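A.B. asks: Chain A is already provided as a structure; the job is to place chain B on it using the hints.
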Amino acid sequence: MSRGAYEGNPAARSHVVDRPAYAELVREHYRCVYALCLGMVFNHEDARDLAQETMLVGFQKIRHLEAGERFRPWILQIARNLCIDAIRRDRATRQRLVRLTQRGREDRPEHTDVAWAVEQLPRELRVPIVMFYFDGKRAEAIADGLNISRSNVYKRLQDARTRLYELLREDH
Amino acid sequence: MDAGCGEIRKMMVDQLNGRTSADAEEAIRLHVAECEACQAYQDELLGDDRLLSEWAGREESGMTAGIERVIGLLDAVWEQPVLDTRRAGRGRLRLQGAIAAGLLIGVGLAAGLAGSRALSGPHGQAAAGALSPEARAAVIEEVLARVRGEIEQSGTVVRQELRTEVAQQIEKVAADLDTVLDRDRQWLASTLNDMEQRHRTDRASVHGDLAKLARMTETEFARTRQYMVRGPYGGGEVRPREGGERSSSRGQL
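Residue numbers (the numbering used here), protein chains in the order written: chain A, 1 to 172; chain B, 1001 to 1253.
Since the hints were derived computationally from the structure, they do not count as laboratory data.
Remember, predicted model here, so these are calculated numbers, not experimental data.
Glycine included, C-beta positions come from ideal geometry on N, C-alpha and C.
Just so you know, not all the hints are guaranteed correct.
Stated by the list, open to error - No more than 27 Å apart at the CA atoms, straight line, and that leaves these computed lysine-lysine pairs for DSSO-like:
#1 K155/A / K1172/B
#2 K137/A / K1010/B
#3 K155/A / K137/A
What the hints assert, rightly or not - Computed footprint of chain B on chain A; a stretch qualifies when at least three of its residues, placed anywhere within it, have a C-beta under 8 Å from a C-beta of chain B:
#4 24-36
#5 42-51
#6 54-64
#7 67-78
#8 113-125
#9 153-164
Stated by the list, open to error - Computed far set for chain B versus chain A, every beta-carbon distance over 12 Å:
#10 G1149
#11 R1183
#12 E1196
#13 T1224
#14 R1230
Next comes chain A alone, as it looks inside the complex (with noise of 0.2 Å):
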């Protein structure tokens, strides 16, 4: 079974999943999966697990993809639901993510600034920024997997940057 039969063919409703073509799918689609995770999440450890944990639940789950529905908002909705489970289940994550609001540009080290002012941005704007980043520059996959207008993305890229412009150049 090639890969298009996921991408609307009725046939991915078959109980014969074939993993070659499967595995096809995570090497395109793995990457934004990792970022979305990681704009949610922004932890790189936790991230690769929730996005590995997605690309397995969804070949579990491959066999449910509606005929005509596309593989990539569907897994992407999938990490969205994982992380979002994550963070309310864990403590840590959620007391993680509090504290990126509150620490101070002093708090980290020189090298990771650009990660630092990321960290700093809102949910809605730092999910399309690393994603952008992460996932080969495309703002039109962005919009996809989002199941936003593009538009919409260009909108929220360009206030990420300005915010990031202006973090990375707040005075010490």
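C.D. replies: Chain B in isolation, oriented as in the chain A frame:
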């Protein structure tokens, strides 16, 4: 910065986001040739863009490893029952088990390959029966990481259960306290009632006694007066008291 600078800077940001046109690029080029401030701004934006790209690039190897790991685990996970997202907590446990099993198999295979390669070397016989130190360290590290994860998750569940239990106990104690307080309130009300009634009875009784005493006093007073005016025999003489001059003088009056 003149009025056009704001527009040009917006175009610069759009350009970085991949939304640009030949006209916009030409406008930017012409503007920065004239405006040093916008030239500096563009340089800074490009610097930020480079830093962000480098930051993402540092994770590239981690992402590649993640992809390979997921692909390696697909077979192990496929045998698991389909997960229900509403029960993601339990599902996650099963997935973690599968991930741990897959990792062990993967690392074991890697170790096996390393072993078979070692067999063809000069120290092949010695190495044949043992895991390479790197493989062993990797196995131990993975197992420890998974065990740590499971313990953390179990800890979370236990904490939640304890919290629920404590909340239930607190609710029960509060309900018991309410009952006790209600009982005490009722007892107090009834005692106050009794006291009030007793007080009323006592007051009535005291009033009665006082009235009786007043009547008796009045009678006694009248009798004394009569005695003093008429004497004990009703004839007006006063019976002299023994050895009392005042009595006799009063009798003469």
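A.B. asks: Are the hints correct? Go through all of them and say.
C.D. replies: Consistency of the hints with the structure:
Our distance criterion of 27 Å between C-alpha atoms is broken by K155/A and K1172/B, whose separation comes to about 54 Å. A threshold of 27 Å between alpha carbons decides the hint, and for K137/A with K1010/B the separation of about 18 Å falls inside it, so the pair holds. Simply put, K155/A and K137/A have alpha-carbon atoms about 15 Å apart, close enough for the 27 Å limit, and the pair holds. Check result for the stretch 24-36 of chain A against chain B: holds, 5 residues qualifying (beta carbon to beta carbon below 8 Å, three or more required).
Counting residues of the stretch 42-51 of chain A whose beta carbon lies closer than 8 Å to any beta carbon of chain B gives 3, which meets the minimum of three for the stated coverage. Only residues whose beta carbon comes within less than 8 Å of a beta carbon in chain B count, and the stretch 54-64 of chain A has 8; three or more means the coverage holds. For the stretch 67-78 of chain A, the assignment as covered by chain B is violated, since 1 residues bring a beta-carbon within under 8 Å of that chain's beta-carbons and 3 are needed. Look at the stretch 113-125 of chain A against chain B: 4 of its residues bring a Cβ nearer than 8 Å to a Cβ of that chain, three or more, so the hint holds.
With 6 residues having a Cβ less than 8 Å from any Cβ of chain B, the stretch 153-164 of chain A passes the three-residue criterion, so the hint holds. For G1149/B, the non-interface assignment is contradicted: its Cβ lies about 8 Å from the closest Cβ of chain A, within the 12 Å cut-off. For R1183/B, the condition that its CB be more than 12 Å from all CB atoms of chain A holds, with the nearest at approximately 41 Å. Non-interface call for E1196/B relative to chain A: holds, since the shortest CB-CB distance, roughly 58 Å, exceeds 12 Å.
The beta carbon of T1224/B sits about 96 Å from the closest Cβ of chain A, which is more than 12 Å, so the claim that it is off the interface holds. The Cβ of R1230/B sits about 107 Å from the closest Cβ of chain A, beyond the 12 Å cut-off, so the non-interface label holds.
In the structure shown, a violation is registered for the earlier hints numbered 1, 7 and 10, in ascending order.
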